[in-house]
Amino acid sequence: MSPVFAVILAALVLSVPALLYVTWPLARRRADRMAAPDEERLALDAERVAALRALRELLADREAGHLADATFDLELERHEARAAAVLRRLDALGASPRAPVGGAATGIPAPGEGGPTATAPWTRRPATLGVFALGILVFGVALGVLVTRFAAPTTDGGRATDGEPVVSGGPPSLGDPGRVGGASGTARPLTPEMLRGMLQAARASLEAGRYQEAIAAYKAILKRDPVNVDAITHLGLILAMAGHAEGALEAFDRALAIDGDYLEALWYKASVLADAKRDDKAAIAVWERFSRVAAPGPEREQALLRIREARARLAAGGVAPPAAPSGAGDRRVGTPGAGAPSP
Amino acid sequence: MTPGVPELGAASLVVGLAVALVGTVAGAGISRTGAARWLYVAQRAALVQLLLVSLAVAVLEDLLITGDFSVRYVAMTSISTSPLRYKIAGLWGSLEGSILLWEWLQALFVYLVARRALALRRELSGYALAVLFVVSGVFLLMMTAVASPFARLPAPISEGRGLNPLLEVTDMLVHPLLLYTGYVGFVVPFAFAMAALLAGRLDAAWLTVTRRWTVTAWLFLSAGIVYGGWWSYRTLGWGGYWAWDPVENASFMPWLMGTAFVHSVMVQERRPLLKIWNLTLVTLTFALTIFGTFLTRSGVIASVHAFAGGAIGPFLLAYLAVILLTSLGLLVWRWDRLGERAELDAVLSRESVFLVNNVLLVAFCVTVFIGTIFPLLSEAVTGVKVSVGTPYFDWVSAPIVLVTLCLMGIGPLVPWRHGSWTVLGRLLGGSALAALVAGLATWGLGRAAAVDHLSLGLVATGYVVPYFVVAVVLGEFWRATRGRSRVGGIGPGRAFLGLLRQNHRRYGGLIVHLGVVLAAIGIATSSAGKIEREATLERGATLDLGRYRLTFTGLSATEERTHLLVRAGIDVTDRGRPAGRLEPGQRIYPGSPSPFASVALRYGLGHDLYLILGAFDREGRWVTIRAQVHPMIAWIWLGGAVVILGGLIALGPRLRPADFAAAAVAPAVITGGSDAS
Chain A
1 MSPVFAVILA ALVLSVPALL YVTWPLARRR ADRMAAPDEE RLALDAERVA ALRALRELLA
61 DREAGHLADA TFDLELERHE ARAAAVLRRL DALGASPRAP VGGAATGIPA PGEGGPTATA
121 PWTRRPATLG VFALGILVFG VALGVLVTRF AAPTTDGGRA TDGEPVVSGG PPSLGDPGRV
181 GGASGTARPL TPEMLRGMLQ AARASLEAGR YQEAIAAYKA ILKRDPVNVD AITHLGLILA
241 MAGHAEGALE AFDRALAIDG DYLEALWYKA SVLADAKRDD KAAIAVWERF SRVAAPGPER
301 EQALLRIREA RARLAAGGVA PPAAPSGAGD RRVGTPGAGA PSP
Chain B
344 MTPGVPELGA ASLVVGLAVA LVGTVAGAGI SRTGAARWLY VAQRAALVQL LLVSLAVAVL
404 EDLLITGDFS VRYVAMTSIS TSPLRYKIAG LWGSLEGSIL LWEWLQALFV YLVARRALAL
464 RRELSGYALA VLFVVSGVFL LMMTAVASPF ARLPAPISEG RGLNPLLEVT DMLVHPLLLY
524 TGYVGFVVPF AFAMAALLAG RLDAAWLTVT RRWTVTAWLF LSAGIVYGGW WSYRTLGWGG
584 YWAWDPVENA SFMPWLMGTA FVHSVMVQER RPLLKIWNLT LVTLTFALTI FGTFLTRSGV
644 IASVHAFAGG AIGPFLLAYL AVILLTSLGL LVWRWDRLGE RAELDAVLSR ESVFLVNNVL
704 LVAFCVTVFI GTIFPLLSEA VTGVKVSVGT PYFDWVSAPI VLVTLCLMGI GPLVPWRHGS
764 WTVLGRLLGG SALAALVAGL ATWGLGRAAA VDHLSLGLVA TGYVVPYFVV AVVLGEFWRA
824 TRGRSRVGGI GPGRAFLGLL RQNHRRYGGL IVHLGVVLAA IGIATSSAGK IEREATLERG
884 ATLDLGRYRL TFTGLSATEE RTHLLVRAGI DVTDRGRPAG RLEPGQRIYP GSPSPFASVA
944 LRYGLGHDLY LILGAFDREG RWVTIRAQVH PMIAWIWLGG AVVILGGLIA LGPRLRPADF
1004 AAAAVAPAVI TGGSDAS
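Here the protein sequences line up with chains A and B, keeping their order.
The working numbering puts the first residue of the first sequence at 1, with every later residue one more than the last.
The working numbering puts the first residue of the second sequence at 344, with every later residue one more than the last.
Mixed in with the good hints, there may be bad ones.
Said to hold, decoys possible - One-sided and incomplete, this derived list gives chain B residues near chain A with beta-carbon spacing under 10 Å:
1. L356
2. V362
3. R760
4. V766
5. L767
6. R827
7. R964
Keep in mind the hints are simulated off the structure, nothing from the lab.
Please read all numbers here as calculations on a predicted model, not as lab measurements.
Ideal Cβ positions, reconstructed from N, Cα and C, are used throughout, including at glycine.
Generate coordinates for the entire structure from the input sequences, incorporating the hints supplied.
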């Protein structure tokens, strides 16, 4: 039996008792109009509750000292009159449940409420409306300015998978930062504080695995600061993590062309060369440069260790083994935030 | 492949759809004919629909727990090694299952409304039930036609993929349920609003009927959002709780609109004002929940919250269009009956304050909406996808939030209809002075303690304004308690409890304001005063961060059921005194290319110490640690809890006839019998 046929069969079996049970009341012939006065009573009940709430609010305002005595007296009179009207109508319903009650079923207007007032209220004055319109216009313009200011191109070609964060399906190309900044005409120079903040935000996104956000943030930085080595390097890192080794190396080279001693670019380039390209010879050269530039400390020790490992592999004539799961947190390119030396 | 349990689940959804159609007809029948038999049919349809959808839920849970990997959904979200709780959570861990949960909640709400239908006005309850069955039917149709949770794979596989590791935390059992209940809850006020339009009964009755539903939905949504922030903070390992992610925004937008609605409802309940506004607000709130569903499930955005797309995207978009066009059509149709019968009496009145508050909240929602959809629009129009950065949201939200906070302080002091500038000035003066003094004290103490981030600007915006609201709220409680205590001759404790009992809406609302202010202080302080350092530490090396010294003592690894957990031991000293040990770690899943953070946290009301393990040496010789101190971040969660408490008080018990008599007598007591005559 095919699954489709099984669904149809099961649906038939379920539907017969279900629909019979649901529609059974229709088969009964009893006269069953709902009682009209109940509608009336329900409406008045709602009015009664509203009147009670209004009274309570009034008393609370009085207790808290919000109301002048004269205002309280005036309001109290109004609310009491409204409450009395509701109660009278409810009493009338109670005496004769089926007796028709005149007037609208709902909305007993409070005394003094209802008809238009003689003079136009402030809400209808052209000047007030003009001020509101101007306010909305200013708000709209401000929004437009802000949204264009903080919008940055992204190369999001990816789509979400089931419940998983997504790294772009296509490589997040670096583009030509200089050209992007020049062509758009909207990029403004950043203050060092803003730049630092943007870099921190981008780094936070990257380390949290929100790659699209990180790419967008780094792109936004490059738009305003096309020679920002940190942004170029980390875009390279994202490319490397997405498996685009060539693009990543291009990015690291671009960063190193700007700052030949930039430690993070050196580290990541060496890692990509060794781990992805299996080019231990080139990786050793980069690590050697890293160890010359880096201050004494664990980073340099780590670089020297990687050089020794690579040399051993070269001597053995083999290739590097794939990374074991426990090394996922090791200083390898595939780990966001990992292996980023503190220059 | 032998058909079996999955086909039973699919069939129950098909029959559920048929029952929803019958329910729709019955709902319309109640309003059109007033015949009781239609009411019984609708009630039975609601019950049967709930049972059928419950059967589908039970079937899917059974498949997830037993691991039937011939079903596509099970293969995508479950794995045999996963603990039972995460197998259960798989129900809402991916697209089709989450829609099933959504529909189950809808079916539950339809049933609850149908049960009470006899106590409601016939015209309203009938059409409302019809709308509810239509909404329910749309989701059943979606699962039957384009997103079946019971679809089979062409060939069964031996093992499933399991949940996204980020979701394998206990919070997964709480946050989505809170959020979904909040989202779905807004369907009830929406249905009654549409019913009011269909029936032409445009007085405040539909608002009175749905007030508790609205507040309940709002409370669940608030709780879901705050809980989500807390989860993100503790789990994702980036030290933040809100990133203006499109899906976060998708939950925030209905919350903003719902908050505006909760306030504007109070105006129409008292006076025939804001009818169109309220109908529009509730429609937009509901539409935004569907928009959020579209954003999350259409595949148009990439996010940790997002599911894959497919045919469901166009389906949801069409549904959204139908909602908006139908609502607009009904509004136009009933335009002549929607004319306001009253005007604002004075510029200074609570109605005016609520109106301004509404405009601000809607403006906030619009700004978030624009920032959220701008990338989509840009891609659709120019082909280039852009992203709108966090600074945009921060820049636009800060002034709106500040003004809204000020209104939260002013609003409760202004009476309905018309207030007195003199009285307001007197009441505001005390609170403003208290806030100013408290603000200056905060600044002075901060300077004395060398708290770098405590600038005068931060104190003025992040402290003085919230202090002002706190002063107003406490002043309100104090004045009312004192008044009640004097008049009634009772103790302050009894008087205070009496306040909460007698006027739970007002004072519950004030407590909600207090919670919002606590959260605002937490947000301002934790954003401005966060300090962070990152360092690579060899064993025995230390890292100084503010008053803390962190010492790396060694690395350990444990084999968990689904992953390997690597932890760094960090001994903490606080101002030279031992303060325990923290173990930040990384969770490494076999099938995942990158590890997931396991954050180590030391909570405190003053600040949190937050440690993240970055890189580590396999031999345990060194680790890279990112350490952060988040000042007063706990106040955000505390504020959230106070908001929930206030909301629960505001929900309070229903009014009884006896209360009416008591309130009618009370003015004479309060005024000593003279003014009430």
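Verification of the hints:
no., hint, verdict
1, L356, "holds (9 Å)"
2, V362, "holds (6 Å)"
3, R760, "holds (7 Å)"
4, V766, "holds (6 Å)"
5, L767, "holds (8 Å)"
6, R827, "holds (6 Å)"
7, R964, "holds (8 Å)"
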